[in-house]
Amino acid sequence: MNTQSTTRAGSPNPAGLPGAGIDLRAKVRPTEMVIKAGLAGSALLSVAITIGIVIALVEPVISFFGQVEFGEFFATTGDFAVIPLVSATLMVTVIALLVAVPLGLGAAMYLSEYASARTRRALKPTVELLAGVPSVVYGFFALAFVTPTLLQDILSIGVGFTNALAAGLVLGVMIVPTVASLSEDALSAVPQAMRDGSLAMGANRMQTTLRVVLPAAISGVAAAVVLGMSRAIGETMIVALAAGAQKNLSLDPREGMQTMTGFIAQTAAGENPVGSVSYNMLFAVGLLLFLITFVINLISISIVRRYRQAY
Amino acid sequence: MNSSTLVAERDDTTPAIATGKSRDREPMSLVFLGALWFSLFFGVVVLIVLILDTAVSGAGRFDSDLITRYDSTLFPERTGFRAGILGTVWLMVTTALLAVPLGIAAALYLEEFADKTKWYNRFIEVNLQNLAAVPSVVYGLLAVAVLALIGFQRTGIVLGGAIALSLLILPVIIITTREAVRAVPNEIRFGSLALGATMWQTTWKQTLPSAIPGIATGTILGLSRAIGEAAPLLLLGIAGAVRFDPDGVTSPVTALPIQIYSLTSQSQEAYQQAASAAIIVLLVMVLALNALAIFIRNKFQRRW
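Chains as they are written, first to last, in our numbering: chain A, 7 to 317; chain B, 362 to 665.
One thing to keep in mind: the hints can contain errors.
Below, computed lysine-lysine pairings styled on DSS-like, alpha-carbon distance capped at 25 Å [what the hints assert, rightly or not]:
1) A:Lys33 / B:Lys479
2) B:Lys660 / B:Lys566
3) A:Lys42 / B:Lys566
4) B:Lys660 / A:Lys42
5) B:Lys477 / B:Lys566
6) B:Lys477 / A:Lys42
7) B:Lys477 / A:Lys33
8) A:Lys130 / B:Lys660
9) A:Lys33 / B:Lys566
Derived contacts from chain B toward chain A, CB cut-off under 8 Å, selection only [stated by the list, open to error]:
10) Tyr431
11) Val487
12) Leu492
13) Leu503
14) Pro618
Derived by calculation from the structure, the hints in this document are not laboratory data.
Don't be surprised by glycine CBs; every beta carbon is placed ideally from N, CA and C.
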C-alpha cells in the first residue's frame with residue numbers, strides 16, 4: 007500500500023486544462039514534519055536495539071578474551087569450554103524438531119487442506135494456545151511429569167533426573183505452533199487451481215496434499231522449520247530446569263547436559279561480580295547464541311522472501 | 362483476514378470439483394487423515410495433561426495464603442506468592458507503558474509514511490523480523506547493559522525488568538500493529554485526504570481508530586508472552602525471595618515465573634506443591650489475557 011503518491015499533490019498538471027495556473031504542491035507543514043520525524047525515530051529504535059545488543063555483548067566479550075585464551079573457549083573440556091554447551095544445544099534442538107516438524111506439519115496440512123473455514127477458526131487458536139504457555143511451566147512439567155512418570159515409569163527408559171530427552175520432547179511441543187502456523191500460511195498460499203488440476207486428474211485429497219500442495223509450498227515450510235529451530239535454540243527455561251546443569255559432551259539423550267541457554271540462566275542466577283571471568287563468559291556464550299540464531303533467522307527470512315515471489 | 366476469505370471461496374467451489382472424493386476412503390488416505398488428526402490434537406492432550414497434573418499436585422495449596430502471604434522459609438507449607446503476583450502486575454503495567462506507544466509509533470511510520478522502495482526502510486523491516494526471533498536471554502543481557510548506561514547499579518528493580526520485557530515484546534507489537542493498520546482499506550485514507558486532511562490528521566483521526574481492535578489484540582498477546590518470561594528477568598538478578606510489595610519503578614521486585622523457578626530447585630515436598638499451585642495462578646493470568654484478546658478480536662474487529 008503506497009499512500010506516498012497521494013500526498014504529493016503537485017503532480018504535473020497538463021497545461022491548458024482548467025486550473026493549470028494554480029500551485030498544487032503540498033504545503034510545508036512543520037508540525038507534520040516533527041511528527042513524522044518522531045515516528046521515524048521510533049522505527050529507528052529497532053535498529054538501535056540491534057546495535058545495542060551487539061555493543062552490549064561485544065564489550066564484555068573483549069575483556070573475556072583478555073582473561074581467557076581463544077583456544078580455551080572453543081575447547082571440549084575445561085572451565086571455559088563452550089563446545090559441550092553447543093553440542094547439548096544441538097542435541098536438544100534435534101529432539102525438539104523430531105517432535106515439532108511432523109506434528110506441526112500434520113496440523114498445518116489438516117487446517118489448510120481438510121478443515122472447513124469454521125473448523126479452522128475454532129482449531130487454530132487452540133493450537134496457538136500451546137505457544138502461550140509460559141516456558142517455566144513447560145520446564146516444571148518436564149521435570150515433574152515427563153521425566154519421572156512418562157519416561158521412567160510408563161516407558162521405563164533409564165533417564166537421569168535431568169536429561170536431554172525430556173527437555174527436547176517438551177520443547178518440541180512448545181514450538182509446534184510456530185511450525186504449524188507458518189507452514190499453514192505457506193500451504194494456504196498455494197493457488198487453488200493446482201489443487202483443482204490434481205483432483206481433476208483423479209487424485210484424492212491425500213495425494214493432492216502430499217504430491218501437489220506440499221511440494222509447491224516446500225520453501226515456506228522450510229522457513230517455518232528453520233524459524234522453529236531458532237526458537238528451540240534460544241529457549242531457556244525448559245532446558246535450564248530439565249536438561250541439566252553439568253557440561254556433558256555425551257551424545258546419549260538419556261543423560262543430563264547443560265545447553266548454551268541453560269548455562270546462561272544458571273550462571274546468571276548465581277553471584278557473578280561485574281567484570282569477573284564468569285560474568286564475562288556469560289556474555290561470550292550470549293554473543294555466540296545471538297550470532298547462531300541471527301544467521302538462522304536471516305536464512306528463514308530469505309527463504310520466505312523467495313517463496314513469496316513465486317505466486 | 363485475507364486468508365479466511367480465500368478459504369471461504371475455496372469451500373464454495375470444493376463440492377463441484379471434488380472428483381477424487383470417493384477415493385478419500387482408501388485405507389491409506391484414512392490412515393493419513395488419522396495421522397493429521399493425531400498431530401492436531403496431540404498438543405491439546407499435552408496441555409490437558411499438564412494442567413491436570415499440575416492442578417492435582419498443587420491441589421492442597423489453593424488457599425488464601427497462596428496469594429496473600431509472602432515467600433516463607435520458616436513455614437514452607439504456608440509460603441505465598443503475594444510479592445510475585447504484585448511484582449508481575451507492576452512489571453506488566455510498566456512494560457505496557459514503555460512498549461505500546463513506541464511500538465505503535467514505529468508501526469505507523471513503517472506502514473503509512475515510509476517509502477518502501479528505499480533501502481533503509483527495507484533494512485528496518487528485515488531487522489524487525491530478526492529481532493522478533495532473538496532469544497529472550499539475549500534481551501536480558503541487553504537490559505543489563507542499558508541499566509548500567511543510565512546509571513542503575515541495582516538491576517533487580519521494576520524498571521530493569523520492564524526494559525527487558527519491553528525490548529522483548531516491541532517487535533511483536535510493531536508487527537501486529539502493522540498488520541492491523543494494513544487491513545484498513547485505502548478508501549478511508551483517500552476519502553480523508555480528499556477532504557483536505559493532512560497525512561498526519563488522516564493517520565491520527567481515521568486510520569489509527571479503525572485499527573484499534575487489531576492493535577489491542579496484538580498488544581495483549583504480546584503482554585501475555587511477557588508475563589510468563591523468566592529468562593531475561595533472571596539475568597537482571599531479579600530473585601525469588603522478595604518479601605515486600607513494590608512501591609515504585611525503582612523498587613526491587615520479583616515475578617511469579619521467577620518464584621516458580623526458584624522453588625523448583627528446592628527439594629521439600631511443600632515447596633513443590635506451592636510451585637504447582639503458583640503455576641495454576643500464572644496459567645490463569647495468561648489464559649485470561651489470551652481470552653481477552655480473542656474476545657476483543659471477535660467483538661470489535663471490523664472486516665472490510
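Hint check:
1. A:Lys33 / B:Lys479: Distance ~24 Å between A:Lys33 and B:Lys479 Cα, so the pair holds.
2. B:Lys660 / B:Lys566: holds, 22 Å
3. A:Lys42 / B:Lys566: At roughly 15 Å apart (the allowed maximum being 25 Å), B:Lys566 and A:Lys42 satisfy the hint.
4. B:Lys660 / A:Lys42: Measuring from Cα to Cα gives roughly 32 Å; hence the hint is violated.
5. B:Lys477 / B:Lys566: holds, 23 Å
6. B:Lys477 / A:Lys42: It holds: about 15 Å lies between the C-alpha atoms, which stays within 25 Å.
7. B:Lys477 / A:Lys33: Between B:Lys477 and A:Lys33 the Cα gap is close to 23 Å, so the pair holds against 25 Å.
8. A:Lys130 / B:Lys660: holds, 18 Å
9. A:Lys33 / B:Lys566: holds, 20 Å
10. Tyr431: violated, 20 Å
11. Val487: holds, 6 Å
12. Leu492: holds, 6 Å
13. Leu503: holds, 5 Å
14. Pro618: holds, 4 Å
Hints 4 and 10, counting from the list given before, are not met by this structure.
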